Amino acid sequence: MSGDKVRFDRVSKTFETRTGRRTTAVTALDRLTLGVRPGEFLVVVGPSGCGKSTLLDLVGGLSKPTAGQVLVDGRPVTGPGLDRGIVFQQYALLPWRTAAGNVAFGLEAKGVPAADRADLVARHLDLVGLGAFAGHYPHQLSGGMKQRVAIARSLAYDPDILLMDEPFAALDAQTRDSLQDELVRIWERTGKTVIFITHAIDEAVYLGQRVAVMTSRPGRIKEVIDVELGDRDAAEDVRSSDAFRHHRHQIWTLLRDEVRAAQAAERPTLRRQEAPVG
Amino acid sequence: MVDLAERPTRLAAPVTAAPANPGWPGRLLGYAGRLAHRSVAVLALAAVWELAPRAGLVDRVFLPPLSEVLVTWFELLRNGQLAEHVAASLTRSVAGLALAVVLAIPLGLLIGWYRPLADLLSPLLEVFRNTAALALLPVFVLILGLGETSKIALVLYACSWPILLNTIAGVKGVDPLLVRSARSMGLNHLRLFQKVILPAAVPTIFTGVRLAGAYSILVLVAAEMVGAKAGLGYLINYAQYNFAITDMYSGIITISAIGLLVNQLLVAGERRFSTWRVDVTA
Numbered sequence: 001m002s003g004d005k006v007r008f009d010r011v012s013k014t015f016e017t018r019t020g021r022r023t024t025a026v027t028a029l030d031r032l033t034l035g036v037r038p039g040e041f042l043v044v045v046g047p048s049g050c051g052k053s054t055l056l057d058l059v060g061g062l063s064k065p066t067a068g069q070v071l072v073d074g075r076p077v078t079g080p081g082l083d084r085g086i087v088f089q090q091y092a093l094l095p096w097r098t099a100a101g102n103v104a105f106g107l108e109a110k111g112v113p114a115a116d117r118a119d120l121v122a123r124h125l126d127l128v129g130l131g132a133f134a135g136h137y138p139h140q141l142s143g144g145m146k147q148r149v150a151i152a153r154s155l156a157y158d159p160d161i162l163l164m165d166e167p168f169a170a171l172d173a174q175t176r177d178s179l180q181d182e183l184v185r186i187w188e189r190t191g192k193t194v195i196f197i198t199h200a201i202d203e204a205v206y207l208g209q210r211v212a213v214m215t216s217r218p219g220r221i222k223e224v225i226d227v228e229l230g231d232r233d234a235a236e237d238v239r240s241s242d243a244f245r246h247h248r249h250q251i252w253t254l255l256r257d258e259v260r261a262a263q264a265a266e267r268p269t270l271r272r273q274e275a276p277v278g
Numbered sequence: 001m002v003d004l005a006e007r008p009t010r011l012a013a014p015v016t017a018a019p020a021n022p023g024w025p026g027r028l029l030g031y032a033g034r035l036a037h038r039s040v041a042v043l044a045l046a047a048v049w050e051l052a053p054r055a056g057l058v059d060r061v062f063l064p065p066l067s068e069v070l071v072t073w074f075e076l077l078r079n080g081q082l083a084e085h086v087a088a089s090l091t092r093s094v095a096g097l098a099l100a101v102v103l104a105i106p107l108g109l110l111i112g113w114y115r116p117l118a119d120l121l122s123p124l125l126e127v128f129r130n131t132a133a134l135a136l137l138p139v140f141v142l143i144l145g146l147g148e149t150s151k152i153a154l155v156l157y158a159c160s161w162p163i164l165l166n167t168i169a170g171v172k173g174v175d176p177l178l179v180r181s182a183r184s185m186g187l188n189h190l191r192l193f194q195k196v197i198l199p200a201a202v203p204t205i206f207t208g209v210r211l212a213g214a215y216s217i218l219v220l221v222a223a224e225m226v227g228a229k230a231g232l233g234y235l236i237n238y239a240q241y242n243f244a245i246t247d248m249y250s251g252i253i254t255i256s257a258i259g260l261l262v263n264q265l266l267v268a269g270e271r272r273f274s275t276w277r278v279d280v281t282a
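Top line first, the protein sequences correspond to chains R and P. When you number the first sequence by my numbering, it's gap-free, plus one each residue, and the end is 278. When you number the second sequence by my numbering, it's gap-free, plus one each residue, and the end is 282.
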């Protein structure tokens, strides 16, 4: 297992949350172990609140594990770095910069000389099909276009690993489908290792070479599934193939109990909040 | 979500703008109509001011008709007195405002960014913020004397608060996601501040400067009522003292015109600095 690009080694993460005067410790991840192979597209799927995003923060170096360690190329993660790029659900574009300015942002952080930046920016905007929108500000772009800019930004500074935190969750269905296709295309072309977080089963099956199913809180890996959809280009509509349906059902079954468990854990607090109203 | 709805029109604008063009006479007419509509209330006020004293509804000694005030105003303009007062007032306003910008923005950035400093200073800031600038006028005069220093200091004091508070709010109000995203690219504190925090806070800071611009004119009049030898506040006060009622109203009109002008200028500046904020405020 030493060939893993990213390795979670019995990683635990607990948060202190304060309700009134009491502080309670919430365990988001509990001794989670998972290996991600170089160049792989791994999708992590799990019920809401299972610690999926926490997982990504740990690889990104935005927070530290309470116990265990996260290894990238065999070395423990000590902080953020440009070898990992994060794509957030809410785009996180700088609203005062144009699309080109936003793509250049990561290059500035990396210290790429200004002379080389313009070419890299243009190339990556073209890669996501936004070459004609270089001068547009985020508020002039649609949600899908904004997310393309964010993806171009992350790709431009050339990280080994792309971390994607439900990047398409806020988009409409058509935009989501086309961006999924584009992401697969980009991944095939660039050979990046991708860790993609989602709660949508279809998306997981469609994108992932492997899908890691998480348990409800505290989050662990319940099972890792190898997705075998055959030749994507040969099949006309991969999403309605037998193999696709099989994997979808497989993951749905694995998730069903976890979703129930997650709902049961959320319900008592809901009832307490509703009481004064009713 | 508004930006989504807006996008097609924005992107399509260069293509579809031409056929819908009503031609310049039509546009001019529309513009004139809007202008008329917007100036009705002001013209009505002018009419009431002109007619009420003439009809004997108010004592014309205390409120002379507008036309008489305007005659005096032009007289003051012609003999150069008005220019002298305006120059004296604007010097104080601009000096106070400029000092406030120079002092309050860096201080606000520090307080907004550096938590321990905020905890240390915020009780003190709360106390002073709730002390009216005009209540401190006698203190300024006692300590700084009757000259320019105390007047500029009062303007500085009054202008500092909106700038300081807006700067703090601007820094604290930066979208945490932008900070997370920048941090994930390994930006250190200084670069994060320079490339994310500061540009994100600029529109909010400029709103503070605009408010301060208004204050700089408002408190000035009061400041000039004590121990001044020139200035619009002095003119108003002195004229009232000497029963030169039309002079007094001339001063009032001028100061309100200057206030309006300063505000318009700063609003235009504010718009320039915050074009990208459309989708945040919409």
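Hints should not be assumed to be uniformly reliable.
Stated by the list, open to error - Computed footprint of chain P on chain R, listed as stretches where at least three residues anywhere in the stretch have a Cβ under 8 Å from a Cβ of chain P:
#1 13-21
#2 76-83
#3 100-114
As the list claims (entries may be wrong) - Calculated from the model, a selection of chain R residues having no Cβ within reach of chain P, i.e. all distances over 12 Å:
#4 57
#5 154
#6 157
#7 200
Treat the hints as calculated values from the structure; they're not laboratory data. Note that the coordinates shown come from a computational prediction; the quantities given were computed from them, not determined experimentally. Just so you know, even glycine gets a beta-carbon here, dropped at the ideal spot from N, CA and C.
Outcome of the hint check:
1. Given as covered by chain P, the region 13-21 of chain R fails the check, having 0 residues with a CB less than 8 Å from a CB of that chain where 3 are the minimum.
2. Evaluation of the coverage hint for the region 76-83 of chain R: fulfilled, as 4 residues show C-beta separations to chain P shorter than 8 Å, against a requirement of three.
3. Check result for the region 100-114 of chain R against chain P: holds, 5 residues qualifying (beta carbon to beta carbon below 8 Å, three or more required).
4. Against the 12 Å criterion, residue 57 of chain R falls within the reach of chain P, whose nearest CB is about 9 Å from its own CB.
5. With a least beta-carbon separation of about 9 Å from chain P, residue 154 of chain R fails to lie farther than 12 Å from that chain, contradicting its non-interface assignment.
6. Annotated as non-interface, residue 157 of chain R brings its C-beta within 12 Å of a C-beta of chain P; the closest such distance is 7 Å.
7. Its beta-carbon lying about 21 Å from the closest one in chain P, residue 200 of chain R satisfies the requirement of being farther than 12 Å from that chain.
The structure is inconsistent with the numbered hints 1, 4, 5 and 6, although it conforms to all the rest.
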